[in-house]
Amino acid sequence: MSKSQFDQIVATRAANAARVDAAKARLEDTVIRAPFGGRVGLRRVSVGSLISPGTVITTLDDTSVIKVDFAIPENNLTALRVGLPVTAGSTAYQGRTFKGRVTSLDSRIDATSRAVLVRAEIPNGDGALKPGMFLNVELLRDQRNGIVIPEESLVPEQNRQYVYVVVNGNAQKREVRTGLRRPGSVEIVEGLAQGERIVVEGTVKLREGGPVRDLATKT
Numbered sequence: 173m174s175k176s177q178f179d180q181i182v183a184t185r186a187a188n189a190a191r192v193d194a195a196k197a198r199l200e201d202t203v204i205r206a207p208f209g210g211r212v213g214l215r216r217v218s219v220g221s222l223i224s225p226g227t228v229i230t231t232l233d234d235t236s237v238i239k240v241d242f243a244i245p246e247n248n249l250t251a252l253r254v255g256l257p258v259t260a261g262s263t264a265y266q267g268r269t270f271k272g273r274v275t276s277l278d279s280r281i282d283a284t285s286r287a288v289l290v291r292a293e294i295p296n297g298d299g300a301l302k303p304g305m306f307l308n309v310e311l312l313r314d315q316r317n318g319i320v321i322p323e324e325s326l327v328p329e330q331n332r333q334y335v336y337v338v339v340n341g342n343a344q345k346r347e348v349r350t351g352l353r354r355p356g357s358v359e360i361v362e363g364l365a366q367g368e369r370i371v372v373e374g375t376v377k378l379r380e381g382g383p384v385r386d387l388a389t390k391t
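Residue numbers for the sequence shown follow the working numbering, so the first one is 173 and each next one is one higher.
Derived by calculation from the structure, the hints in this document are not laboratory data.
Every residue, glycine too, gets a C-beta built ideally from N, C-alpha and C.
A few of these clues could be false.
[Said to hold, decoys possible] Straight-line C-alpha distance at most 27 Å; calculated DSS-like pairs for lysine-lysine:
id	residue 1	residue 2
1	LYS302	LYS271
2	LYS345	LYS377
3	LYS271	LYS239
[Claimed, not checked] Pair by pair, the computed Cβ-Cβ distance ranges are:
id	residue 1	residue 2	range
4	PRO383	THR275	54 to 64 Å
5	GLY374	ASN331	19 to 29 Å
6	VAL182	PRO303	50 to 60 Å
7	GLN266	PRO303	19 to 29 Å
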């Protein structure tokens with residue numbers, strides 16, 4: 173065998189190896205690999221159909237944890253934080269509740285609804301919850317002991333809040349710091365002690381040191 177014949181055989185072998193590698197690469201491209209594990213939905217195309225890039229042939233969902241988005245009015249914004257527990261229910265599962273926690277809060281308030289979008293994650297090990305389901309969500313606020321007074325007992329002045337505390341039958345004006353609010357009531361986080369009595373009605377005409385009559389003991 174001459175050197176030229178040998179070189180020709182080597183070149184042919186190299187060309188064939190390159191064609192084999194190219195064929196293997198094309199074969200690899202015919203295999204569809206998912207970026208994550210999950211449940212495959214119904215097939216959207218028929219066997220043998222010609223499809224193009226971007227065609228949806230099925231769906232894939234990782235339902236081990238369900239993300240739930242819901243809106244909370246902005247006046248409850250101070251009560252929101254990551255980690256708060258939530259419970260959810262569905263009409264599909266009467267009497268069953270699903271528990272999760274808040275994982276993130278939107279950075280903006282919706283200009284129309286005046287609400288903030290909250291996202292929670294709920295473990296879904298048995299796959300009972302499905303993507304797209306409607307859930308009734310209850311957000312559980314932090315529970316703590318505190319002082320709550322009727323909102324009408326507050327005396328606002330400029331940017332401060334005051335209440336009239338009853339001391340020896342007279343009104344003593346005292347500045348307080350408020351916390352959470354609910355319809356008709358407000359939390360006092362500073363300025364009042366447990367058991368102190370305050371004036372609820374008639375605060376508009378009341379002045380510092382004025383006499384106070386306790387209507388609860390009136391006969």
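These are the hints, each one checked on the structure:
Restraint check: the Cα-Cα separation between LYS302 and LYS271 comes to about 15 Å, which is no more than 27 Å; the hinted pair holds. Between LYS345 and LYS377, the direct Cα distance comes to roughly 13 Å. Compliance with the 27 Å bound is thereby established for this hinted pair. Restraint check for LYS271 and LYS239: the C-alpha separation of about 12 Å stays at or below 27 Å, so the hint holds. Restraint check, PRO383 to THR275: a C-beta distance of roughly 55 Å satisfies the suggested window 54 to 64 Å.
Checked against the hint of 19 to 29 Å, the C-beta distance between GLY374 and ASN331 comes to roughly 24 Å, which is consistent with it. With their beta carbons about 57 Å apart, VAL182 and PRO303 fall inside the hinted range of 50 to 60 Å. Our hint of 19 to 29 Å for GLN266 and PRO303 holds, since their Cβ atoms are close to 21 Å apart.
In summary, this structure violates none of the numbered hints.
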